[in-house]
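Novice: Below, each chain spelled out in residue letters.
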Amino acid sequence: MSDTSNPQPSNVIEVRDLVTHYGPREILHGINVDIVEGEIMVIMGGSGSGKSTFLRHLMALQPPTSGTIKILDEDVWNLSQKELFALRKKLGVAFQGGALFSSMTVGENIMLPLHEHTKLDRLTMEIMARMKLEVVDLSGFEDLMPSELSGGMIKRAAVARAIVMDPRILFFDEPSAGLDPVVSKQLDELILRLRDAMGMTICVVTHELESAFTIADRITVLDQGNILFVGSVEELKKHPSERIQNLLNRRSEEAEIDADEYLRRLTGDKEEAEGMPR
Amino acid sequence: MVEKSNQNAAARFFDRVGRISVASFDEVGRHGAMLLESVYWLVLGPRMNQPVRLGSIFAEMMEIGVRAIGIIGIMAAAIGAMLAIQGIYSLKIFGAEGHVVLGVAFSMVREFAPLITGILVAGRSGSALSARLGTMKINQELDALEVMGINPTRFLVVPSLIASLIMVPVLTFMSMVLGLYAAALYVNAALGMSLAAFFDQTIDVLSVGDLTHGIGKAAIFGVLIALIGVLNGFLVKGGAEGVGKATTRSVVQCISAIVVTDMLFALVATF
Amino acid sequence: MEISISEQNGVQVASVTGEVDLSTSPQVREALLKELGMGKGVIVDLSGVAYIDSSGVASLVEAFQTAKSKGQGFALAQVSETPMRVLKLARLDQVFVIYETVDEAVNALA
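Residue numbers (my numbering), protein chains in the order written: chain A, 1 to 278; chain B, 1001 to 1271; chain C, 2001 to 2110.
These aren't lab readings, by the way, just hints derived from the structure by calculation. Some hints could be false.
Claimed, not checked - Below, a list of computed lysine-lysine pairs in the BS3-like style, where the Cα atoms sit at most 30 Å apart:
1) K2068/C <-> K2034/C
2) K1092/B <-> K90/A
3) K119/A <-> K1137/B
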């Protein structure tokens, strides 16, 4: 995306030597990733690969054990509370289950960030919320409660809420999970449209290959807490590594087994069993 | 062999006791931390454009307080009448039925009004807070607030805490009045004492200290209910079942905390 | 962000330059709503706009609706590429009256 005022695309997210633990278990083992302005970066990996944890770090929800995360040139965990709030206004997140507030209407959900962070006129906020609903093809749904929407609609409403402040970076957690192929394709198109129109940097965590190939500018593959691959879709398809080809061809993986660890798990040594990820 | 397994059992027992004590201290610490954090946001929030909204405080006061008026009123009246009935019955032994006002007034204002109000609010709102926050947690709504730059403590906890701190004493005062009124009605029917005489005696007997004793306890109960309800909600793990467990846990903890605090407060205040 | 207003043939022309975002869009809104009280109509010249966010677009939408209800003309002129993409995202390019140049717009409204 060269339309922004800055002709040289710069890194909007820089992750360096990220290590993180759940209890005693190390989940990520020193990860380095750059996400460039205006690109759609897809983070892939099977369950247990640490990709959800990684996303929580990128959204500044969870401090790492060690390593740094820079978002828009700010070291996230060295910011004052006030600076962190300011940074968060530039981020939008569409959560897996939508995470709409069930006590508010769809419209109120979308307007909440505006209410809390701006002093705009009420009518302006309403127009903005309706505009965003138009963008996600949910026009006229602002007075419904989230419980009255279908799964696909909830996700699109969540996108509308995520983009209401026109964020610089948009995160998607498993956009196609639980959706039928048609709806999930619509969501992919929406992601592409948002990038093209707003020049947003978009970071998508998914395990859906088709979706990833459609939208990704670059793909990061995580495997058991390490980065297996970073690069374009073409590079990924041609990659010689057997592990990656297995992933692409959806062959189930014989995970490498640490015999001692496995035995401890089976015999139920409590110290080891604690701290499993959710 | 036998001895060894006994030793193991003992070790396991102390191990468990140790773990439980550490966990309980940890939880008490969390309550303290939550309380401090709430005060922090209340005071410093406006400076970071994160003010505590008056509207949400009123909404919570409505939910915690106003909607509970009916049930608390009925319970308080029942307890007031019960105290009068038992008082007259037991004082009859000494032929001192006339002194029933003293017993009813003291026990209602100092003990029963705050206790029954606290327990009912715990049952209604302590559990509701846990259920609401727990559901929000498993639906990632708390994460959503956080990434939107809205602090969940400021947005969700402080309004409930303030509402509870205000409404439990207010409801307690209402309980006192209604309980005494019900007692007066029964005494009127049983002994023929007029309502005016009953309340004259009540006001004679009670000091301002008795009233503040009752209301002060209620304020502490209010804080306890909100903190325990909120924290159990925040700590929910593992889906809908976790929410159910947290709700139950929250009610049990609230009521235990209320009863124990009540005893300690009485002990310290009458020392 | 700056907004300057001139008059051509009885039509108010508001030239907006710079960035229209959450902090500056209320000024745009106020200026436009004020101008709608006078003259035959309002043209918003967007040639100098480097960036416009949805609060800015929302202000334009509100001004357009107000103009319509008052029976006045309202048009956008010289919409550069970046603002155009934002308008297109919400399909507002099909709603607003958009002219290539200010003169064209003035001729149409005057």
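Novice: All the hints need checking, so say for each whether the structure fits it.
Specialist: The hints, checked one at a time:
A C-alpha spacing of about 15 Å is found between K2068/C and K2034/C, which places the hinted pair at or below 30 Å, so the restraint holds. Proximity of K1092/B to K90/A is assessed by CA-CA distance (about 75 Å); at most 30 Å being required, the pair is judged violated. Only pairs whose Cα atoms come within 30 Å are accepted, and K119/A paired with K1137/B is accepted, the gap being roughly 29 Å.
In summary, the one numbered hint that this structure violates is 2.
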